[in-house]
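Engineer: Whenever a hint applies, use it, and build me the whole structure from the sequences.
Protein chains: 2
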Amino acid sequence: MYIETINGPEDVKKLSIDQLPALAEEMRAALLKRASIHGGHFGPNFGIVEATIAMHYVFESPKDKMVFDVSHQVYPHKMLTGRKEAYLSEEHYDDVSGYSNPTESVHDHFTVGHTSTSVSLACGLAKARDLKQEAGNVIAIIGDGSLSGGEALEGLDYAAELGGNLIIVINDNDMSIAENHGGLYQNLKLLRETNGQADCNLFKAMGLDYLYVDHGNDVADLIQAFQKVKDIDHPIVVHINTLKGKGYAPAEQHKENWHFSGPFHIETGEPLYEMTEEDYSDISVNYLLKKMKEDPTVVAITSGTPTVMGFTEDKRQEAGKQFVDVGIAEETAVALASGIAANGGKPVYGVYSTFVQRTYDQISQDLCINSNPATIVTFWGSVFGMNDVTHLGLYDISMMANIPNLVYLAPTTKEEYLAMLDWSIEQTDYPVAIKLPGGSVISDGKEVTKDFSKLNTYEVTRHGSRVAILGLGTFYGLGNEVAESLKKENDLDATVINPYYITGLDTKLLESLKKDHDIVITIEDGMLDGGFGEKIARFYGDSDLKVLNFGVRKEFPDRYDLNELLKENHLTKEQIVADIQALL
Amino acid sequence: MYIETINGPEDVKKLSIDQLPALAEEMRAALLKRASIHGGHFGPNFGIVEATIAMHYVFESPKDKMVFDVSHQVYPHKMLTGRKEAYLSEEHYDDVSGYSNPTESVHDHFTVGHTSTSVSLACGLAKARDLKQEAGNVIAIIGDGSLSGGEALEGLDYAAELGGNLIIVINDNDMSIAENHGGLYQNLKLLRETNGQADCNLFKAMGLDYLYVDHGNDVADLIQAFQKVKDIDHPIVVHINTLKGKGYAPAEQHKENWHFSGPFHIETGEPLYEMTEEDYSDISVNYLLKKMKEDPTVVAITSGTPTVMGFTEDKRQEAGKQFVDVGIAEETAVALASGIAANGGKPVYGVYSTFVQRTYDQISQDLCINSNPATIVTFWGSVFGMNDVTHLGLYDISMMANIPNLVYLAPTTKEEYLAMLDWSIEQTDYPVAIKLPGGSVISDGKEVTKDFSKLNTYEVTRHGSRVAILGLGTFYGLGNEVAESLKKENDLDATVINPYYITGLDTKLLESLKKDHDIVITIEDGMLDGGFGEKIARFYGDSDLKVLNFGVRKEFPDRYDLNELLKENHLTKEQIVADIQALL
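These protein sequence lines are chains G and L, in that order. Going by the numbering used here, the residue at position 264 of the first sequence is 264; the numbering climbs one at a time, nothing skipped. Going by the numbering used here, the residue at position 35 of the second sequence is 35; the numbering climbs one at a time, nothing skipped.
Calculated directly from the structure, the hints in this document are not laboratory data. One should not assume that every hint holds.
The list treats identical chains as interchangeable, and a pair is accepted whether it falls inside one copy or across any two copies.
As the list claims (entries may be wrong) - Pairs of lysine-lysine, BS3-like flavour, derived with a Cα cap of 30 Å: (1) K450 <-> K63; (2) K573 <-> K508; (3) K33 <-> K246; (4) K33 <-> K230; (5) K508 <-> K63; (6) K13 <-> K33; (7) K291 <-> K454; (8) K132 <-> K290; (9) K228 <-> K321.
Model, not experiment: these values are computed from the prediction.
Structural biologist: Dropping the structure here:
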């Protein structure tokens with residue numbers, strides 16, 4: 001096996017060009033086996049095997065620096081840069097992260113997990129190189145799907161001005177996670193169809209030099225192209241035409257499903273584990289499709305991740321014009337929602353907590369200053385969400401809940417979520433966001449009669465004294481468990497409160513607690529800094545009540561162990577009870 | 001005078017095309033007089049007078065909806081939509097805001113002040129129109145300078161997919177606030193030079209239909225063009241070639257200086273009031289130019305507002321390759337800074353507080369997860385900054401100070417600022433941001449010997465007991481005044497503390513205060529929610545100390561009166577002292 005001889009890029013260069021296709025096949029076989037057992041990003045990596053080999057054959061990493069966008073497609077690069085064991089040996093599968101990672105290797109320059117950043121980051125590496133008057137190539141590798149993001153387009157525009165060497169490899173597999181959306185993809189198609197010869201050329205229109213490689217999975221062609229642009233003295237785009245999922249028939253045929261996969265049977269592509277539990281994606285799409293049929297002005301919006309709200313291909317067809325995928329373009333998604341709401345439509349934008357960060361200014365300016373009644377639903381904003389450092393869902397409260405005019409709601413059950421969503425869609429006064437709880441869906445079957453238009457009205461769900469527990473969203477249940485323990489251990493009847501509203505204080509209720517309570521505790525599913533609990537602490541700052549805030553401390557944990565994280569942050573029932581008892 | 005007869009768009013239509021140039025001249029004369037007395041955005045409005053007349057001549061506002069990007073260029077539109085008195089009568093100059101404003105008129109659809117939003121917002125209006133199966137044109141008017149922003153490029157890309165009617169007017173005056181930066185401007189130039197005929201066309205490459213109007217200040221040509229695209233059934237770009245500052249010689253010649261102007265002598269263009277006071281822009285540019293000469297890896301970065309850090313044209317030339325203007329592209333500015341720092345350069349990105357909002361995700365992901373040692377300096381993040389609702393500087397603490405890994409510093413004097421800046425540039429461990437204080441520059445001439453690498457170490461500058469005052473940044477001086485008053489009125493020696501660090505707690509010092517203090521107060525220059533004071537309140541939540549937080553409540557005030565705002569938020573010495581006395 002060739003792959004077993006590769007301990008770094010220098011070993012790739014020892015092979016002849018004739019041997020490289022065999023290396024590619026070996027890498028693909030290893031990737032397939034690993035994915036079938038371990039899961040991970042699939043399609044993006046299968047398409048870029050040959051390009052990665054060719055780059056390491058031609059360029060001299062780490063002197064020449066490669067920046068992989070999103071870094072979903074960084075597995076082949078890791079295999080060739082001293083980390084092959086993590087792909088060849090099952091016991092080492094977890095030795096590496098799923099993204100580029102400077103702590104793993106000198107061949108990785110950034111920890112990257114959000115899209116559309118590579119060109120601008122690479123411009124920075126190149127600029128520093130030139131300021132230091134050093135030599136070397138800087139190569140940004142970006143998938144076509146990432147091109148629609150604002151930062152990528154800004155970066156392409158700026159790159160033309162940079163002056164020195166910069167090579168931008170456009171890995172064009174004609175797919176985003178789902179199909180691409182946006183006018184620029186017509187131009188990529190035109191360029192593919194004309195072997196890169198069409199006069200109308202997005203990259204040239206951005207001021208960039210351009211080279212097209214039609215056989216983007218042919219390692220010899222790629223080597224030739226990279227040799228041509230190596231040490232070039234100005235920025236150039238190398239547009240390579242690749243096949244997403246290349247080499248595994250199910251993935252070539254069903255590209256969207258195979259962008260990311262869990263463990264599966266290699267022979268059939270069928271998943272090893274059936275996901276049967278109802279989740280908030282199913283709940284959202286079922287509600288929205290029904291609502292759309294009743295009201296033609298209801299429209300669901302996604303920014304390149306349609307299944308976050310459950311809109312698989314068949315559901316998208318069912319929704320028709322009432323479903324919009326703007327492509328990876330979160331800023332436009334929020335502005336679009338604001339515009340639709342301003343003109344009497346009823347938009348619902350569903351987005352992962354980690355990606356809603358990409359649109360702070362649009363939420364503040366385009367939406368909230370204008371008080372337009374759009375709805376944003378944030379998914380996986382929870383310690384129970386993704387645990388890669390680049391995809392954490394711990395920050396949406398501090399980011400969003402401090403934006404004026406926004407009503408940010410935290411349901412604790414499926415029923416509350418649907419009641420909030422329905423209220424939000426029908427009301428016309430406020431921009432509203434809903435933070436879905438983490439963990440398994442809780443459904444208590446109770447009818448929700450609360451009028452959410454009475455802003456910032458919390459609900460006492462268990463009446464007691466001395467200790468009041470505000471359990472926000474995900475952690476409302478934990479709040480109840482704490483109350484149970486206090487009853488059992490201290491014969492103390494604690495008050496339990498469902499706050500519902502992250503963005504405002506129920507000052508009347510909070511004031512009333514002063515009468516017969518000594519301690520107020522808050523539990524929230526996210527970072528403490530800038531969070532919900534701190535507002536409660538501020539409210540009681542000049543009173544005799546003691547306040548304890550529970551949540552996650554400010555940091556960027558990477559691939560954390562959930563139970564450890566909870567323990568470290570005193571987010572277990574036992575710890576919270578003990579902390580309260582210490583104060584009693 | 002024609003302008004006196006115009007009470008709405010319907011009155012524009014009553015004039016003959018021959019009469020419209022005279023109307024344009026009258027409007028320009030009124031704009032000139034108003035600007036000379038009142039100040040405001042100048043160049044952008046002077047260039048778009050004819051286009052605005054032509055649009056109102058051809059389209060039927062408000063059924064047809066115009067969305068002005070940034071809305072710096074909205075004055076002529078306001079003159080033609082029932083608000084002419086605000087431009088003709090000195091006593092009514094303040095009746096209108098400087099931006100489009102739905103509360104003023106049904107002809108305005110959004111409050112807009114940040115760039116690059118119009119296309120995406122207009123897409124939303126158009127989408128809602130189509131969902132409601134209504135008719136009407138939607139027109140986005142965007143300046144060439146705004147095109148480099150990510151949201152604008154995302155919007156152009158998405159617009160091609162929208163399907164129905166959308167008209168995107170590109171007001172191309174070949175200028176941003178300063179000169180344009182980015183490769184796409186070469187393409188605009190090519191299009192201007194070829195009368196729109198060049199095959200390589202950015203807008204067509206984005207999938208859009210395209211029409212070019214060479215005489216963008218010729219009202220008859222414009223009317224013809226708009227008539228051609230009115231009621232079109234798909235999105236189209238109308239690219240109009242205009243002259244920034246058109247009709248006023250000093251403004252035509254010095255476009256950058258005349259983007260915005262204070263009051264001036266009409267005859268000479270000389271400003272009425274001399275600005276002689278040293279400000280943080282001067283301080284920054286003087287320091288940085290000196291530093292650049294000592295160290296070729298120091299590089300200053302701006303995103304389209306070079307003078308925020310004092311880089312006027314001559315200073316930009318002096319800095320040479322050590323000054324980078326990425327154009328209006330804040331996301332790329334931060335990513336670039338991160339990349340430069342990752343490769344051993346020393347980047348300093350200067351940005352207005354209100355615009356740093358546009359790059360939350362890049363600060364979090366591209367910069368802070370990677371812990372690259374770039375420096376961001378935020379200007380005008382203060383109640384003493386801009387007071388238009390779209391340009392407030394009240395939110396940067398809640399946005400930035402809760403991002404893990406970032407060290408956000410609050411200097412209280414010029415000397416502290418320079419010491420922090422110098423430390424930040426030379427250290428290699430942390431991403432650092434510096435929040436400049438508002439109001440007049442305070443310089444005490446004291447040498448700053450503090451070692452800022454000892455993170456989160458506050459300084460007690462006045463030793464006392466019972467009451468401790470944490471005066472952050474701008475309001476450190478107010479903290480001292482409060483202490484003086486307490487001494488005078490209550491014979492109480494309060495402790496005064498300069499926290500320096502917004503992003504972390506000096507737990508040792510805070511703990512020590514418990515010994516002999518009863519009350520801790522915080523004063524910060526920004527919104528309370530998610531701010532510095534709440535972290536202090538959380539820290540003392542389980543203790544007997546009382547905490548009072550002073551800052552601005554969460555809202556979007558518009559064109560506020562500074563003294564009223566301070567009073568409403570208890571940010572005067574008298575109120576703070578009274579609040580403390582009530583607790584003593």
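Engineer: Each of the hints needs a verdict: does it hold here or not?
Structural biologist: Verification of the supplied hints:
{"no.": "1", "hint": "K450 <-> K63", "result": "neither (62 Å within a copy, 38 Å between copies)"}
{"no.": "2", "hint": "K573 <-> K508", "result": "both (28 Å within a copy, 29 Å between copies)"}
{"no.": "3", "hint": "K33 <-> K246", "result": "within (15 Å within a copy, 67 Å between copies)"}
{"no.": "4", "hint": "K33 <-> K230", "result": "neither (34 Å within a copy, 58 Å between copies)"}
{"no.": "5", "hint": "K508 <-> K63", "result": "neither (63 Å within a copy, 45 Å between copies)"}
{"no.": "6", "hint": "K13 <-> K33", "result": "within (26 Å within a copy, 71 Å between copies)"}
{"no.": "7", "hint": "K291 <-> K454", "result": "within (23 Å within a copy, 56 Å between copies)"}
{"no.": "8", "hint": "K132 <-> K290", "result": "between (60 Å within a copy, 18 Å between copies)"}
{"no.": "9", "hint": "K228 <-> K321", "result": "between (45 Å within a copy, 28 Å between copies)"}
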